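Engineer: Residues per chain, in single letters:
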Amino acid sequence: MNAPTYNFAYLDEQTKRMIRRAILKAIAIPGYQVPFASREMPMPYGWGTGGVQVTAAILGPADVLKVIDQGSDDTTNAISIRKFFAKTAGVATTTATDQATVIQTRHRIPETALRANQVLVYQVPIPEPLRFLEPRETETRRMHALAEYGLMHVKLYEDIARFGHIATAYAYPVKVNARYVMDPSPTPKFDNPKMDNCPALQLFGAGREKRIYAIPPYTQVVSLDFEDHPFEPYRFNAPCALCGAENSYLDEIVTDDKGGRMFVCSDTDYCEGRQAAGHHGSLSAAPYKEKAREAANG
Amino acid sequence: MADQNFIENDEPLLVAKSLSKSFGRIHACRDVSFSLYPGEVLAIVGESGSGKSTLLQMLSGQLAPSAGQVSYRMRDGVTRDLASLGEAERRFLFRTDWGFVHQDPAQGLRMAVSAGANVGERLMAVGWNHYGRIRDTASDWLTRVEIDTARIDDAPRTYSGGMRQRLQIARNLVTEPRLVFMDEPTGGLDVSVQARLLDLLRSLVAELNLAVVIVTHDLAVARLLSHRVMVMKGGRVIETGLTDQVLDDPREPYTQLLVSSILPP
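Quick mapping for you: the protein sequence lines, in order, are chains D and X.
Just so you know, the first sequence maps onto residues 1 to 298 in the numbering used here.
Just so you know, the second sequence maps onto residues 1001 to 1265 in the numbering used here.
The hints are simulated quantities; they were obtained by calculation from the structure and are not laboratory data.
Just so we're clear, the structure is a prediction, and the values are computed from it rather than from any experiment.
There is no bait here: all hints are sound.
Computed list of lysine to aspartate or glutamate pairs in DMTMM-like fashion (alpha-carbon distance at most 25 Å, straight line):
{"hint": "1", "chain 1": "D", "residue 1": "155", "chain 2": "X", "residue 2": "1104"}
{"hint": "2", "chain 1": "D", "residue 1": "25", "chain 2": "D", "residue 2": "137"}
{"hint": "3", "chain 1": "D", "residue 1": "175", "chain 2": "D", "residue 2": "227"}
{"hint": "4", "chain 1": "D", "residue 1": "83", "chain 2": "D", "residue 2": "40"}
{"hint": "5", "chain 1": "X", "residue 1": "1233", "chain 2": "X", "residue 2": "1104"}
{"hint": "6", "chain 1": "D", "residue 1": "25", "chain 2": "D", "residue 2": "139"}
{"hint": "7", "chain 1": "D", "residue 1": "87", "chain 2": "D", "residue 2": "40"}
{"hint": "8", "chain 1": "D", "residue 1": "25", "chain 2": "D", "residue 2": "148"}
{"hint": "9", "chain 1": "D", "residue 1": "155", "chain 2": "X", "residue 2": "1136"}
{"hint": "10", "chain 1": "D", "residue 1": "16", "chain 2": "D", "residue 2": "209"}
{"hint": "11", "chain 1": "X", "residue 1": "1017", "chain 2": "X", "residue 2": "1184"}
{"hint": "12", "chain 1": "D", "residue 1": "155", "chain 2": "D", "residue 2": "225"}
{"hint": "13", "chain 1": "D", "residue 1": "16", "chain 2": "D", "residue 2": "40"}
{"hint": "14", "chain 1": "D", "residue 1": "155", "chain 2": "X", "residue 2": "1097"}
{"hint": "15", "chain 1": "D", "residue 1": "155", "chain 2": "X", "residue 2": "1176"}
{"hint": "16", "chain 1": "X", "residue 1": "1233", "chain 2": "X", "residue 2": "1031"}
{"hint": "17", "chain 1": "X", "residue 1": "1233", "chain 2": "X", "residue 2": "1184"}
{"hint": "18", "chain 1": "D", "residue 1": "175", "chain 2": "X", "residue 2": "1089"}
{"hint": "19", "chain 1": "D", "residue 1": "175", "chain 2": "D", "residue 2": "134"}
{"hint": "20", "chain 1": "D", "residue 1": "175", "chain 2": "X", "residue 2": "1087"}
{"hint": "21", "chain 1": "D", "residue 1": "175", "chain 2": "D", "residue 2": "139"}
{"hint": "22", "chain 1": "D", "residue 1": "83", "chain 2": "D", "residue 2": "63"}
{"hint": "23", "chain 1": "D", "residue 1": "155", "chain 2": "X", "residue 2": "1148"}
{"hint": "24", "chain 1": "D", "residue 1": "155", "chain 2": "X", "residue 2": "1140"}
{"hint": "25", "chain 1": "D", "residue 1": "25", "chain 2": "D", "residue 2": "63"}
{"hint": "26", "chain 1": "D", "residue 1": "175", "chain 2": "D", "residue 2": "196"}
{"hint": "27", "chain 1": "D", "residue 1": "155", "chain 2": "X", "residue 2": "1154"}
{"hint": "28", "chain 1": "D", "residue 1": "210", "chain 2": "D", "residue 2": "137"}
{"hint": "29", "chain 1": "D", "residue 1": "155", "chain 2": "X", "residue 2": "1153"}
{"hint": "30", "chain 1": "D", "residue 1": "175", "chain 2": "D", "residue 2": "137"}
Please model the entire structure based on the sequences and the hints provided.
Structural biologist: Shown next, in the form of structure tokens:
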């Protein structure tokens, strides 16, 4: 009987304290990237080690955890992280957005509006919004310190010059609390407006880059743009093929090699919830058709 | 109005007071003093290692002097010591009221972003937020430095050496600075391209009433562009005066050597 025993939520208490201190600092300075001593986690970098450490540090026994990857509750990454915490912390897990208290996410913000007392934890690959324009870390830090953000507009300018519109579709830079320019992690820009004045606490963890940043509840988050090229959230112009939603973010799914495709909600929980409530789209799954048939047959 | 101009031009824009810089035991620059007036072009000439570039870095606030001070008359008319400026102020000054033309355009340009964005960067840095206006201004400046506006969306790495240098000049002048530092702006260009660049610089300087500090080892550049010349050797200024005077009638033996080492045309 040598089964390994882990501390609650995997990390030891000292590490969690260290991460919590970084989180508190991040909340105190919205949008500012706080360095922290990121640990090796039992998963590769790029799989959400930053988000997992933040989640581990804030998780309590009474929390209910939801993990999504690209909006979906049932992809490999989401399932394994959910299992990880079910095993090491023994917390309840859920796929329902409104029942969760902590939601760890990769690349999406749930469609269901978040409420106060919920925490959204983002997995961040590259926290520095200026990175691809200015490779020097010393220089980007100085630019943040002096709020020199002209360079960010250079990127948007390049987009318009090349494509005729701001072609940045994800990781769209935002200004937090009218001070720091922040990378909202690779969420589609469709989700940017949800960050503004959000009642939930939003935490961002970048494990490889060793940075934590945060947006406290009810904080102003503005997407950068030009006066004559204002920010516009992008969405495929179609209803969800399964639930018929007109206002959710859609994934495009190629269904054959003849150009066939369907658009479905990327937020699976939202889509399932709507289908259960009786909404359906042009390609609704069989159970609803069966139900409809049953109802018709009496 | 005329009086106003007279007063403005009567006060120096940049004043260096006994500037010295030593790196350990090496004295790169010793006791350099001068005043630069608005619209004046000052050439600093001398051989490699004479302290020209060190001096330029001190004047432009990139290097702290070991002794002495540099003061600059800001746009509000107040003359301030550069050392007393905060970093934010200094960087702001560098982006707005000053220009710096590097010898190697790759240092002064963003080689991977388009020419338009290169010129527009300073405007965006001071808060311009209208794409159309930024682009119009950028294309206007490209025209002024004789770059075909059809190439506004090309990155400078696709440009020739002369075009890069002209783009760098446009990028610096777009915020209408009053003072431009130039570090061997014609170095590495062939003679015909040099001539064209110098011609352009000369007309822009006159048109915009720019004050320029130009560091060069090429006396021809000094003769064409500058009003005054400072000759440096071993970190000291050994001779200074009006360009024609110094170059036609050099007093110091070293200056005589420099002047006589130019091939006669």
